[in-house]
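K.L.:
The residues making up each chain are set out below.
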Amino acid sequence: MMSVLFPSAAFGHDEKVPAGPGIVEKTGATIPPNILFHDENGATVKLGDIITKPTILSLVYLTCDHICPQVLGGLAVALPGLKMSPGKDYQLITISFDAHDDPATAFQKKANYVKATGMSFPKDAWKFLTGDRESIERITDAVGFHFQRDLHGFIHPVVLVFLSPRGVITGYHYVSRYQYGVEYPVTFSAAELNAELDDASREVVTLGVTKPVLYCFTHQPVGQERFFNLLVVTGIVTLLSVAAFFVYLRMTSRRSGS
Amino acid sequence: MNERTMDNKSPEESSFYHEKGKYSGVLAWLMSTDHKRIGLMYLGALLSFFSVGVTLGVLIRLSLIAPGAILNAQQYNEVFTVHGIIQIFLFIIPGIPVAFGNFFLPIMIGARDVAFPRLNRLTLWLYLAGAAIVMLSLFIKGAPPDTGWTFYAPYSIQTKANVSLAVLGVFVLGFSSIFTGLNFVTTIHRMRAPGMEWFRLPLFVWTLYATGWVQILATPVLAITLVFIVLGRVFGVGFFDPSKGGDPILYEHLFWVYSHPAVYIMVLPAMGIISEIMPTFSRRNIFGYKAIVFSALAIASVGYFVWGHHMFTSGMSDTARIVFSFITFLVAVPSGVKVFNWVATLYKGSIEVDSPLLFALSFIFLFSIGGLTGLIVGSLAPNLHVHGTYFIVAHFHYVMFGGVGFSFLAGLHYWFPKMFGRMFSEKVAKIGWFFFFIGFNVLYFSMFILGYQGMPRRYFEPPPQYHGWSVVSTVGSWLLALGLIIIFSNLISALFKGPKASSNPWGGGTLEWSIPSPPPAENFIEIPVVDSGPYGHGKRE
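If you're matching them up, the sequences are chains A and B in order. Per the numbering used here, the first sequence starts with residue 65, numbered consecutively. Per the numbering used here, the second sequence starts with residue 1050, numbered consecutively.
Just so you know, these hints were derived from the structure itself, not from any lab. No residue lacks a Cβ here, since even glycine has one placed at the ideal position from N, Cα and C. Check before you lean on any hint, since a few could be wrong.
As the list claims (entries may be wrong) - Chain B is faced by these chain A residues, among others (derived, beta-carbon under 7 Å): (1) Ser-305; (2) Val-311; (3) Met-315.
Said to hold, decoys possible - In silico negatives: residues of chain B with every beta carbon more than 12 Å from chain A: (4) Trp-1174; (5) Trp-1262; (6) Phe-1277; (7) Phe-1288; (8) Phe-1389; (9) Ala-1430; (10) Ile-1441.
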């Protein structure tokens, strides 16, 4: 399976719903407080009850093995550089948009990423929520996050959403750069996160700047295999004919030089 | 290998220039199947394109120190693309084999011509046709190609510039290259003079042999890749388009499967020329003949398996990257063997520093820098840092221009008396070499520094902190151009006014020095019988 990251223009701040996966910014809108999810311990929580601080909301699916782990990992290592302290001044919420994800998986993931921060981290400062299809649709609609089920997972944009303590969407942070081959391919600048959290705490709404956004998707074209077979066959035929040419040159006698 | 003279005519009168054929005028050349005439026509065409490529290169350097003053951004993209296409596909890949290989291969193995003289003529026509198509893509309606010489998908599928036409031209050039390879391989197998055993072949012939196989095997991959580009553009077939089930990374693989071996198509014959010049000017037999032969064959075969090092940052598994990096290090070994042998040939030699040797020594110096920096970019960690920077630009110019370009000029000075029967001024040649060599290093070594500092390649307007070294580099380009002007004025004036050259002005030991300068129509009155190895037999006359 091949995963390909492909930057594409982000959708602007208009009300047009994209045909496929993408982001329609809803800055200034308020998250419906009464959406129900399970936290990583299996307890039922109401979104309005837990959003009480400036919040970094990330939407991923927990079985993703492409960019989602890189985003959460990159976020985790950026946290120690922030001015604010987690649990006190801000919190993180990661919601899975795959209705098949369960609190047990969420618990494992949480332990993993909290450890990755490398700092003492209050237990409640990063919540991993899972829920049913209806709750997922409500929250993704509320933040304008459009995804699509694919053969091997989901196609979705890669973005962080900033929420004020009252649940107002104050801004979006698009992930637009993937550095191939380094330990953390996705990185977040502490300065940017500080500013965005500061806006969220004061409920200052910033409009998104149109910026290329990365999509997470799997890419295994159906015709590829046949194409490779074609290449293999033509390659072997070429090699055999060249080998036959060599044998012919070696076996038959040398012509006179004149 | 005694010199044979014609019975009743002077060497001048009996030369192939005076041969009367079916046609006269321009057609006497275009319709000729004489390998020497074909070689010379190739040489003329190559040098014409080379001069255009150099002019565009100087223009790129000028634009970089004053962005917008001479070229706008789109024109800049077009100029560096066309510079690359011309220098790579029209000059340096066909380069040494078609010009010097055509002229000297049959003579060096004691034959009257190549195995397929008419196929040889066809390659020239295909080359001219391909070149004409590429040139057409610059001038017809639409814009000249702006993709870079690599035609990377998906941009090459999408751009409105005349990419289809340029790609078609390169496709035709590819066939010219395949036929040349086929012809040379057959010639070396079949046309050797009696007694010319495999290990008595001059080393230049060996490198042409190795190159021939690379041309035959690798060039079809380029051809099919370019066909896919055209199918994508004209019929919307999505081989490299992810939205249609294709893959742009696949294009990069296919392209470099050809284009890395193509580096050896350029470099191997260049190494062959150096292997001819070193023994002649140090009056010694070449050191380690068989080691040089086997290293050429090793480079030609291992060179097929390193293409992935062009794509370390494109998206490959770590295993693939480590393997490609390792094989890249392996391919450096035979190159190192050659450098050692050339230097060892000089040891205790009676060295005469004539202009061909100056160019050959410069080759060793510059090619070593190109090769060693190749190891830097071939290792995974530094590659991440310098990928897509001027470091890469500097590296491949040191290999191609510093290596192959200098070797081409070395060969041109070495064989000039034989090809044209005239001598050039040694003094002027050395002055030209001086400016060219100094200019070259000023121009491209600054690029190593710029690249190491992180200046990205292909930018129209580099960030201001790189301005200083950019100016140094541009000044280097003027020195280099001045050197080239001196070098070629010297050669051109020698064509008309130079004193007559003897049959063996340098004291070379290979067969071409045993016949008059310029050679007679069918090279040899009698096919020579060879009874010893190639070097160390010539007497300077």
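K.L.:
Each hint needs a verdict: does it hold in this structure or not?
P.N.:
Consistency of the hints with the structure:
no. : hint     : result
1   : Ser-305  : violated, 10 Å
2   : Val-311  : violated, 11 Å
3   : Met-315  : violated, 11 Å
4   : Trp-1174 : holds, 23 Å
5   : Trp-1262 : violated, 8 Å
6   : Phe-1277 : violated, 10 Å
7   : Phe-1288 : violated, 7 Å
8   : Phe-1389 : holds, 30 Å
9   : Ala-1430 : violated, 9 Å
10  : Ile-1441 : holds, 16 Å
When held up to the earlier numbered hints, the structure conflicts with 1, 2, 3, 5, 6, 7, 9 and fits the remainder.
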